[in-house]
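Going down the list, the protein sequences come from chains F and L. Be aware that the first sequence starts at 1, since it is given in my numbering, and climbs by one per residue. Be aware that the second sequence starts at 1, since it is given in my numbering, and climbs by one per residue.
In case anyone wonders, no lab produced these hints; they're calculated from the structure. Glycine residues also receive a C-beta, built at the ideal position from the N, C-alpha and C atoms. Just so you know, not all the hints are guaranteed correct.
To be verified - What follows is a list of derived Cβ distance ranges for each label pair:
#1 L129(F) / E278(L): 32 to 38 angstroms
#2 H151(L) / R310(F): 35 to 41 angstroms
#3 E147(L) / P300(F): 33 to 39 angstroms
#4 G308(L) / G47(F): 47 to 53 angstroms
#5 G209(F) / D18(L): 51 to 57 angstroms
#6 L55(L) / E136(F): 46 to 52 angstroms
#7 R266(F) / G308(L): 18 to 24 angstroms
#8 S293(L) / G313(F): 53 to 59 angstroms
#9 P106(L) / R266(F): 41 to 47 angstroms
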Amino acid sequence: MAEPFLALHGLTKHFEVPRPLLARVASRAPPPVVRAVEEVSLVLPAGETLGVVGESGCGKTTLGRLLVGLEVPSGGEIRLRGQPLEGGAHARPRSLQRRIQMVFQDPYSSLDPRWKVRDIVTEPAVGELSAAARRERASQLLRQVGLSEADLDKYPHQFSGGQRQRVAIARALCAEPELVVCDEPTSALDVSVQAQVLNLLRETQGRLGLSMVFISHDLAVISHVSTAVAVMYLGRVVEWAPRAVLFAAPAHPYTRALLETIPDVRRPGRRRAAIPGEVPSALAPPPGCAFHPRCPLAEPRCRVERPELRPLGNGTLVACHVVSERGLPVEPARTIDVP
Amino acid sequence: MSIALEGLNVSLRRAGVDVPLVQDVSFRIEPGRVLGLVGESGAGKSLTAAALIGLVAPPVQISAGRLSLRGRSVRLDDAAAVRPLRGKEVGFVPQDPFTSLDPLFPVGDQLVETLRAHLPLDRAAARERALQLLADVGLPSPAERFEHYPHQLSGGMRQRVAIALALCAGPPLVVADECTTALDVSTQAQIVSLLARLVEEHGVSVLLITHDLGVVGELATDVAIMYAGRIVERAAVARLLRAPRHPYTRALLDAVPRVGDGTGALPAIPGAMPRPGELPSGCAFHPRCPRASDRCRAERPPLEADGGSELACWHPLEGAGG
Numbered sequence: 001m002a003e004p005f006l007a008l009h010g011l012t013k014h015f016e017v018p019r020p021l022l023a024r025v026a027s028r029a030p031p032p033v034v035r036a037v038e039e040v041s042l043v044l045p046a047g048e049t050l051g052v053v054g055e056s057g058c059g060k061t062t063l064g065r066l067l068v069g070l071e072v073p074s075g076g077e078i079r080l081r082g083q084p085l086e087g088g089a090h091a092r093p094r095s096l097q098r099r100i101q102m103v104f105q106d107p108y109s110s111l112d113p114r115w116k117v118r119d120i121v122t123e124p125a126v127g128e129l130s131a132a133a134r135r136e137r138a139s140q141l142l143r144q145v146g147l148s149e150a151d152l153d154k155y156p157h158q159f160s161g162g163q164r165q166r167v168a169i170a171r172a173l174c175a176e177p178e179l180v181v182c183d184e185p186t187s188a189l190d191v192s193v194q195a196q197v198l199n200l201l202r203e204t205q206g207r208l209g210l211s212m213v214f215i216s217h218d219l220a221v222i223s224h225v226s227t228a229v230a231v232m233y234l235g236r237v238v239e240w241a242p243r244a245v246l247f248a249a250p251a252h253p254y255t256r257a258l259l260e261t262i263p264d265v266r267r268p269g270r271r272r273a274a275i276p277g278e279v280p281s282a283l284a285p286p287p288g289c290a291f292h293p294r295c296p297l298a299e300p301r302c303r304v305e306r307p308e309l310r311p312l313g314n315g316t317l318v319a320c321h322v323v324s325e326r327g328l329p330v331e332p333a334r335t336i337d338v339p
Numbered sequence: 001m002s003i004a005l006e007g008l009n010v011s012l013r014r015a016g017v018d019v020p021l022v023q024d025v026s027f028r029i030e031p032g033r034v035l036g037l038v039g040e041s042g043a044g045k046s047l048t049a050a051a052l053i054g055l056v057a058p059p060v061q062i063s064a065g066r067l068s069l070r071g072r073s074v075r076l077d078d079a080a081a082v083r084p085l086r087g088k089e090v091g092f093v094p095q096d097p098f099t100s101l102d103p104l105f106p107v108g109d110q111l112v113e114t115l116r117a118h119l120p121l122d123r124a125a126a127r128e129r130a131l132q133l134l135a136d137v138g139l140p141s142p143a144e145r146f147e148h149y150p151h152q153l154s155g156g157m158r159q160r161v162a163i164a165l166a167l168c169a170g171p172p173l174v175v176a177d178e179c180t181t182a183l184d185v186s187t188q189a190q191i192v193s194l195l196a197r198l199v200e201e202h203g204v205s206v207l208l209i210t211h212d213l214g215v216v217g218e219l220a221t222d223v224a225i226m227y228a229g230r231i232v233e234r235a236a237v238a239r240l241l242r243a244p245r246h247p248y249t250r251a252l253l254d255a256v257p258r259v260g261d262g263t264g265a266l267p268a269i270p271g272a273m274p275r276p277g278e279l280p281s282g283c284a285f286h287p288r289c290p291r292a293s294d295r296c297r298a299e300r301p302p303l304e305a306d307g308g309s310e311l312a313c314w315h316p317l318e319g320a321g322g
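Just chain F, with the same shape it has in the complex (with noise of 0.2 angstroms):
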């Protein structure tokens, strides 16, 4: 079988908490360990967008930054096209490692407020082309993102949210790609400026053949965007389906919760059901199902035993014994509203 574009294979990292010196002294046991990603295993076609969804502290921006070698893997292994990207982004081979690019969530912190923007975007090709063709370059890339040869000798403080993130894509575009990495692209934009920069990326991947891995905590963008869908609860992978699946017939209690927390601006005065209960500690993710404590089809063993993904038979992978072993539930997930 032919390698996938991009594989993952127990993917895992772990952060070990720095204690204070003296409690460090004092007592010899290993210090807390906050396991963020934990054995995530997907395969992502090449031209598709992978979507990964999930709440604060999941673990899927340390996802998003193991793919591009800003953290190095605890364990398991990233492969593209069939070659492992070991260790961090300065132990990849420079010619891997400018395949993958990243686009950052917030565009006011990924830019530095002290270059020019013909210089922002050229950063990829430092020592690669010259002065001259460095301008080329840089004019070709801001066109192509909706910014004009004006803005070359701007500096970011003069443009707004959804002009800096259009710098930001067109510095990652620079190294011609083959995957980008978007981590909240447009979470700190305003809604109208949001759609332009979704249209902005997708008219480039069709155009580029690129590769995504999208990042998002919003389930409407996600299904805007993606190919498939990875939802993420606690460091690990809790469902993946192709898109069309994940939104017809979600299959994991998680997954049907968090739809169900979506506001839907056509419905007003619904008022939606929240899902009991706050998102654990990654530092004592409760045993068995991570999600079993807030689970209304938690069953006993769902308190000892941790579910594996397993393909439910339409498509998609969930990790859920329940479901697993009963199918998609019929009734909508009983959802609990909480004063």
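For this one, chain F is given, so just place chain L on it according to the hints.
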């Protein structure tokens, strides 16, 4: 008794020139009703909130505006008159309670302090009242949480404490500025139902400032849409979301991605909101408006009665039923 804001004008003094930021904003909120004040960054919605709680500071200044509540009327440009209203008459729920709660004191003490600043209570009675308020906002095990510092609480729990603080003196008006924006969707839904219950139980008037039309649809009874410092449309929530009359309102609603809408291009609004001091002539929305005419470029449409609603547009969209 209803709350009324009349003729609020806020401006920025820059190089000897007054740059208008909020212009002629007026509205009325009946008890038990929630007015959603919606707009994108820079529309002036948060400045309107700041004016109501007396938190506008130079070089930004209030040039005019009156707030009427409990049968009296206060000039908002008179800082000395506005200050005593804060907390007692106008409660405030901030976007991020982590920055508004004092990190050095347990949350219970902060509630007791606020209660005693506004109400004639001794420590024991204030403590009793504070515990009751924390239970009322759905904080799990309030007696235990009473002793906790803000950093020991989750974002949702901090927002519950902030709501308790805003309500503790029994103000007739509560201003909530993007109070669900920083929360995860599941927590957001919890806070929205909490606010809805409290509005009903306490009969307060709420000014809900947000950019999130979804939250407005759930919680607000009425909506005012702001653009470039002015209200451009105001209507009951169902009417406004189902059949907006202003092209900006329509465009804003269309730009929100929805589950199940497919993956085609989103109807984006071209361009960006004008910066303060760079307002176009006529209607401020005309450079981005598909219906703009010469009249829109020359003459600013006033905010006028439109059935039971208000509208500032020369070429409004046909609402449901005309």
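Violated hints - listed by number, lowest first: none
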